[in-house]
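S.K.: Taken in order, these protein sequences are the chains called A and B.
Just so it is clear: in the first sequence, position 257 is 1138 by this note's numbering, and no numbers are missing.
Just so it is clear: in the second sequence, position 263 is 267 by this note's numbering, and no numbers are missing.
Derived by calculation from the structure, the hints in this document are not laboratory data.
Hints are not guaranteed to be accurate.
Claimed, not checked - Computed cross-link-like contacts, DSS-like style, restricted to lysine-lysine with a CA-CA straight-line distance of at most 25 Å:
1) A:LYS903 / A:LYS969
2) A:LYS903 / A:LYS915
3) A:LYS915 / B:LYS158
4) B:LYS85 / B:LYS217
5) A:LYS980 / A:LYS912
6) A:LYS980 / B:LYS152
7) A:LYS969 / A:LYS1140
8) A:LYS980 / B:LYS151
9) A:LYS1140 / B:LYS118
10) B:LYS179 / A:LYS980
11) B:LYS179 / A:LYS915
As the list claims (entries may be wrong) - Listed next, with one range per pair, are the computed distances between beta-carbon atoms:
12) A:LEU919 / B:HIS64: 53 to 63 Å
13) B:SER183 / A:ALA1058: 25 to 35 Å
14) A:LYS915 / B:GLU269: 50 to 60 Å
15) B:LYS179 / A:TYR921: 21 to 31 Å
16) A:GLY1108 / B:ILE59: 51 to 61 Å
17) A:LYS1140 / B:GLU269: 31 to 41 Å
18) B:ASP172 / A:VAL1002: 26 to 36 Å
Said to hold, decoys possible - One-sided and incomplete, this derived list gives chain A residues near chain B with beta-carbon spacing under 8 Å:
19) ILE981
20) LEU1060
21) VAL1142
Glycine included, each C-beta is placed from N, C-alpha and C at the ideal position.
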Amino acid sequence: MTAAALYGNFFYSIYDYREYLKESVFRDLRKKYKRSSLGYLWSMLNPLLMMIILTVVFSSLMKGRVENYSVFLFSALLPWTYFNGTVKSCIGTIRQNAKILDQLPIPKYIFSVSSSFYNFVDLFLAFVPLLLVMLFTGHPIHSTIIIFPLMLIPLFFFSMGLGLLLAVSNVFFEDTAHLTDVLLRAMYFLCPILYNRDMLPPWLVKYVVLNPMFGIIEGIRQLLYFGTLPNLETFLFNLAGSVLVLGLGLYAFNKADDKFVYFI
Amino acid sequence: MSASPANLVENQNTQAVGFDQAAEPGVANAVEISNVTVAYRSYKERPTTLKETVIGAIKHRKFRYYETFNALSNVTFNIPKGQVFGIIGSNGAGKSTLLKVIAGVLPPTRGTVKVNGSVDSLIQLGAGFDAELNAIENIYLSGALHKKPRAEIKRRIPEILEFAELEDFATTPIKYYSSGMFARLGFAVAADRNPDVLLVDEVLGVGDERFRKKCEKVFESFLASGNTIVIVSHSLGNLSSMADQIGLLSRGEFTYIGDPATAIERYRAQDYKTRLTQNNS
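Here chain B stands alone, though its shape is the one from the complex (with noise of 0.2 Å):
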C-alpha cells in the first residue's frame, strides 16, 4: 500500500479521534476496546489438501501460503452505555472484524477488549437454525445454544412467534419457508434473547416495511431499556437517524469517530478522493 492522498487525511485525523473520545466521567462504558490489533491472514492459492501441501513442501519447499496485513490497527474506543454506535467504512476497511473482536470470536492479536454485560449478534440471522426442524424445535435449539434453561424458551415461545408472525407455520420445517419468513423467525429467536450489547450488521434489509417498522421499534424498547447497540451499515441514511455516534473505519483505522452527519460527510468525501486516485492510477 503506497501513502496516497487519502491516507494523508486519515493521519490528520487520527488526532481529532483522541478528542472526540475524551473519557467522560460518570459515564458507564458498554464496550470498551483499547489498542486493538488484529492480524489478519490472507491466503493466497493455498493447497486445501494435505496431498498438495505435502507436494508443495517436497517440491517448492513452500510450507507457507499467507501474507499477513493489519485488518485492525491499534483501535482505541469506548462506546458508552445505552448508545446506539454506527461503524461506516468502505469494503475491506475492517468493519466485520471490529464486530468479531466485540462479538468474542475473534480474539484480538494485540490490545484488549472489555464488554460489560451481555453480547449477541445480528449478524447471520438464523445462523443456528436446522432446516429440517420446525420454528419451535429451532427456538429450543438456538436457545439451548446460548444456555437458556428450557423451562424459560418454553415460555417464551408464544411471544417469540407471535412477534415473527408464524404461528400458523410454527409446525412446518424451516426448510419450507420463503427467506422473509427465515429472516423474521432469525430477527425473532435473537431479539427475544435481549442482549447489553446487540451488534447489528446489515440486517434491517429484511422482510418487508411493516416488519421493518416492528423491528425498529424492538431496537427503540431495547435502547429504552438502557442497553446498546453497534451497527455496521451501507445505508447511511438510515443510520444517521439512528445513531448517536458514528465511527468511519478506513484501513482497520478509525478515521474519526463522533457526530453522526459529519462522519457520513467525511466518509462520502474520503470515498469520493479514493475513487479519484484509482482512477488516476
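Chain A extracted, bound-state conformation (with noise of 0.2 Å):
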C-alpha cells in the first residue's frame, strides 16, 4: 500500500466510524466520572493540583530565571498531558477489543483514535484552570492563543503515530507497557516541561530537538506563555516528523494487520 492509501484509509475511518469515535469517547468519559462526585471537575483539577506541586517544587529553584513559573509549567504540561495519556490508553486497545476484532472486521485502530479523542476532551477540559491561573496570577492572554489549535496538529499525528507503534508492538510482545514507561519517563524529561531550551547545554539541544514533541511543546509555550509565534521552519520541520511517524505506525499496522488473529 502506498504512503497516500495509508493515510486515506486512515482518515476515511476516521470519518466513517464518527458515530462510534462519538460514543465511545463520551463513553469513557461517563465511566470516569460515573462515581465521583466532583465528576468533570477531575479533568481541570488533575493538572491544577500537578501544576501547583511542580510549581511548589521547581519554581524555587528556578529563582530569578523564570517569571511566573506556574503559568511557564502549566502550558507546557497541557500537551504532555494529552500525548502521554494517548500513548499509555493507545498501547492495549488491540487485545482489550479482541472479542470484537475477532468477528467484525473494522479498522483495528479505530480504537486507539478513539482514546486520543478522548485525550483531547481533557485536553481542552484543563485550558479551564490553565485560564484561571492566568487571570489569577495577572499574566496577559496573548493574541497568539488562537493560533493554539493549529499546533495540535503534529501533536495529533506524533501522539497517534506513537501509539498505533506500541500498539502492534503490543501485541506481540507483553513487556511493551513497561518499557513505555520508561520511554515516556526520559521524553517528559527530555522534552522543554520544567525548564526552557536556553537552560540546557547546547551540544544536548543539538539532540533533543530531533524528537518532534520538543518543539510541539515549545511552540505551544511560546503562544500560551511568552505571546510570540513559533519559528515557521520549526513548526514545518516537526510537522513532517509527526507526518512521519504517523505515517510509521500506519505501515506498521497495515503491515500487522493479518498476523494479530494470531495473537490475540
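Using the hints, build the complex out of the two chains.
M.R.: Here's what the structure looks like:
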C-alpha cells in the first residue's frame, strides 16, 4: 500500500466511524466520572494539582530565571498530558478489543483513535484552569492563543503514530507497557516542560530538538506563555516529523494486520 | 500427520462433493467460496516479551517460533440464498476458521470469499459490550460500532429490550447481569441488526427453554424473509432438523456437503474410525 493510501484509509475510517468515536469518547468520559462527586471537575483539578506541586518544588530552583513559573509550567503540561495519556491508552487497545476484532471486520486502529479523541476532550477541559491561573496570577492572555489549535495537528499525528507503533508491539510483546513507561519518563525530562531550551547545554539541544515533541511543546509554550509565534521552519520540521511517525505507525499496523488474529 | 484410514475415506469423498455442489442456474448464492486455503500459524513456546525475543535471537539464533498448517485447504462451496447451512466436524477441523473467513476478519491465504449482502456474527454474544455501562448505553455503543445512525438505534431500543426481557433492568450496569441476561441482551442486539447472512457458533444453548424458543422464532422469521444462516454446532439433533444442507469438515477439507442425515451419519462413522485408530496406536 502506498503512503497516500495508508493516510487516505486512516482518515476515511475516522470519518466512517464518527458515530462510534463519538459514542465511545462519551462512554469513556461517563465511565471516568460516574462515581465521583466532583465529576468533570477532575479533568480540571488534576492538571491544576500537578501544576501546584511542580510549581512549589521547582519555582525556587528556577528563582529569577523564569517569571510566573506556574503558567510557564502549565502551558507545557497541557500538550504533555495529552501525549502521555494518548500513548498509554493506545498500547492495550488491540488486546482489549480482541473479542470484537474476532468477529467484526473493522479498522483496528479505530480504538486507538478513540482514546486519542478522549484525551483531546481532557486537554480542552484542562484549558479552563490554565486560563483561571493566568487571570489569577495576572499573566497577560496573548492573542497568539488563537494559533493554539494549529499546534494540535502535529501533536495529534505524533501521539497517534507512536501510540499505534506501541499498540502493534504490544500484540507481540507483553512487556511493551513497561518499556513505554521508561520511554515516556525519559521523554518527559528531555522535553522543555520543567525548563526551557536555553537552560540546556548547547550540545544536548542539538539532539533533543530532533524529537518532534520538543518543538511542539516549545511552540505551545511560546503561544500561551510568551505570546510569540513559533519559528515557521521549526513548526514545519516538527509537522514533517509527526507525519512521518504517523506514517510509520500506519505502516506497521497495516503490515501486522493479518497476523493479529494469531496472537489475540 | 500420517495417512490413516480416516484420511483414505476423506479422499474418496472429495469427489462426491463436486457433484453435490453442481451449480444450480437461477439460484442466487449468499456466500461463494472458491479454493480457499488458510495457512494458520501455530506458535510453540513463543517468547511473549521483547526481552526474551532478543535473548532468543542472540543466544540461540532463533527467530521463528511457529509452524504453519492449513486450517482450511482448498475449500470450495456455495451457500444458496435463504438456506440454513450447517457445519460439523471434530475439534480443530476448521469450523471456526471458516466462520472467521466468511465474517471477513481472517483473510484467506489463497482463494476468494464472496458474500452477497451484509454479514454478521453471533459468535461471541455481546462482544462489544462494556460491563460498566447499562443496557441502553451498550445498545448505542454496539449499534455505533456497526455504523448504525443514532436515531435509528434509538427507535429500536424498546423492541430490543422487550425481546431480551430486560425492560426492568435497562439502566442497570450489565456487570450486575446474570449470564443469561447478558446472553439475552447479546442475542437481541445481534438479531436486531438483521443481516443478509448470519453466522452462528453454538449460541443456541443460551437462556432457558422459553427464550430458546423465542430465538428459534427469530431464526424462522429471519429465514422467511430470504436471509441465510451459517451455523456451527455440536448438537447434531438440533442441526439436522434446522439445516437444509450440512457440510462435514475434516482437517480443513469438506469431506461431504449435502443432505443433513447423511452428513451426520458420515460424521459419526468418521468419528468412530478416528477413535479406533487412536486407540490402536
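S.K.: All hints are to be evaluated individually against the structure, with a verdict given for each.
M.R.: Going through the hints against the structure:
| no. | hint | verdict |
| --- | --- | --- |
| 1 | A:LYS903 / A:LYS969 | holds (20 Å) |
| 2 | A:LYS903 / A:LYS915 | holds (18 Å) |
| 3 | A:LYS915 / B:LYS158 | holds (22 Å) |
| 4 | B:LYS85 / B:LYS217 | holds (24 Å) |
| 5 | A:LYS980 / A:LYS912 | holds (20 Å) |
| 6 | A:LYS980 / B:LYS152 | holds (20 Å) |
| 7 | A:LYS969 / A:LYS1140 | holds (23 Å) |
| 8 | A:LYS980 / B:LYS151 | holds (18 Å) |
| 9 | A:LYS1140 / B:LYS118 | holds (22 Å) |
| 10 | B:LYS179 / A:LYS980 | holds (17 Å) |
| 11 | B:LYS179 / A:LYS915 | holds (15 Å) |
| 12 | A:LEU919 / B:HIS64: 53 to 63 Å | holds (54 Å) |
| 13 | B:SER183 / A:ALA1058: 25 to 35 Å | holds (31 Å) |
| 14 | A:LYS915 / B:GLU269: 50 to 60 Å | holds (56 Å) |
| 15 | B:LYS179 / A:TYR921: 21 to 31 Å | holds (23 Å) |
| 16 | A:GLY1108 / B:ILE59: 51 to 61 Å | holds (52 Å) |
| 17 | A:LYS1140 / B:GLU269: 31 to 41 Å | holds (39 Å) |
| 18 | B:ASP172 / A:VAL1002: 26 to 36 Å | holds (33 Å) |
| 19 | ILE981 | holds (5 Å) |
| 20 | LEU1060 | holds (7 Å) |
| 21 | VAL1142 | holds (5 Å) |
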